[in-house]
Amino acid sequence: MGRIFAYIVHKAGVADDSALELAAAARQIDAAASPIAIVTGSGRDLDAVCASLRPSYSEVWKIDNEALPYPNAELVRKALVKVLPGNSIVLVAHEHFGIDLAPGLSIKLNSAFVSDVLGIDGVEGSDLKVVRQEFGGQVSTHVRCDISAGAVITIRPGAFKPLSGASLSGTVVDKSADVGALKASRRYLETVVAEAGEVDITKHAILISIGRGIQEKDNVAIAEELAEAMGAAVSCSRPVVDAKWMEKSRQVGSSGKTVKPKVYLACGISGAFQHLAGIKGNPFLIAINKNPKAPIFQVADVGIVDDILEFLPELTNKVREMHSVAAK
Amino acid sequence: MEILVCVRRVPDTSENEIELNGAGNDIERDELVYSINEADNYAVEEALQIVARVGGTVTVATVGGEDDEEVLRREMAMGANHGVLITDDAFSGSDGKGIATILKAFVQKGSYDLVLTGVQAEDGGAQVGGMLAAMLDYPFASLVNSIEVLDGKKLKVSREIEGGNKEMNEIDLPCVLSIQTGINEPRYVGMKGIRQVASIPIPTFGASELGVSSSAVGEAGAKVRRVDYFVPALGKGAEMLQGSREENIDKVLELVAAKGGLK
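From first to last, the protein sequence lines are chains A and B. Following the numbering used here, the numbering of the first sequence begins with 1 at its first residue and continues without gaps. Following the numbering used here, the numbering of the second sequence begins with 1 at its first residue and continues without gaps.
These are computed hints drawn from the structure, not numbers from a lab. None of these values were measured; they are calculated from a predicted model. Cβ coordinates follow ideal geometry from the N, Cα and C atoms, glycine included. Since no wrong hints were added, every one of them can be taken at face value.
Under 8 Å between C-beta atoms, here's a sample of chain A residues computed to sit facing chain B:
# : residue
1 : S106
2 : I107
3 : A112
4 : S140
5 : H142
6 : S185
7 : A194
This is chain A alone, in the form it adopts within the complex:
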């Protein structure tokens, strides 16, 4: 088996949380591995990132290149292809950069590719056995990947417990000279920051969050009425925004907002990991879904199998009743 590398995503001199998760995944592939972190970028920020990785990696390879102030996947791929030895096992976080980089990297390294891995069962002969999910997390699969010619593997963020307590003091190796000038046929222009919406869902203690189960735009009012009665706000999952039923600023998830309410009422939400990634602070999670197999029930505190289009209006009536009793 080739050596295990981890491509480290970083920003403003700080390595992403996934750095320690990849370090943990490397050790699940091979408990005796001496994994190598690879850090690409431009300028002084890189040294701080490299230093922070020394406890958890045996080596840290630094690629400082003036073409890489912003991580353009095509340029990063070209740099990696120049420095990675044959048969390498390359771990990359399965987020927007990894999705951009990893598939093409596997082709250029002529190695196997397996994506969005959330468990590692170990190596048997020339195969690595991993766990993936399909159909929005409704079922899992064991997958065998022939790693004899190397592999590029994307790792689901949050799926591996971050490596802790390691004290390797790995060596920082400057590989910049091996890379040389880089040129891409795709060029980064700028980052456009999302507009703030009229309702800030990150500031509410109670969120009524709706998913595909709301079925049509007119039904959003059902959730809004409940939110008004409860003094809560309405948030949503991706399909609701895709269908243009609510503004992007209401979306909870890795490509939307990160929220920290006290109570999260997931209504007609299946529970895709990208959605769950936006729910922080361990709120009390109540899930209502018609589908008893919806993955949301695996992570919720309390679950109810019911049709939200009937359940929510009755809930709203009950809240209003309580208010009117209290007012008397």
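Use these hints to put chain B onto chain A, whose structure you have.
Then chain B, alone, in the frame of chain A:
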């Protein structure tokens, strides 16, 4: 602009509860409702909108079998000019790289300025677009949520990154883009539209027409193989309320008041 959109027919998770079959080696497929992969449908709509602005044609292709023709016809009913079924016994069991290898051969038979895929399939993992681009040595962008044609040689595209932010890029043609859901509002396709394209012949391409070696694709070429399906035991799971709707509502209110300070 000549645009190729690579699509797939998949079980529709919004319509189905996915369950395992008795042997545990596959999902129960007998009663599943299949449809076009959601992101692929957005990709076709985007192609149609680009062609409406700058001219050109849209070709929709899928690697699969006879059953998959229905999604080609559906996308032709949306307005795609051509549908192509890429099919061969040698293709079955292909992994992501195998599919990309087949599509590469097909792309090289034609002359496309732009190749679109959906960002990911219901049972896939955002693989094929990026692999196909690298095989063709075309530039690639994933998670694309807007496209502007700058001139005949390049596009301005935005990618969906964290927090709802957009990463703007300029990309040279020809290129491959993987399209994120929500980029547009796909047009409605009625039964009438599908009937209108029902008799249009759909050309097929096999391994020999494409010059694909059967050892590079299918099960023979696959380095990644699914062994089985299972339902994971994740954590303790939710406490499921089994009462009547009225009882459940009372319980929810009690919990919300206790945990969130309901006013």
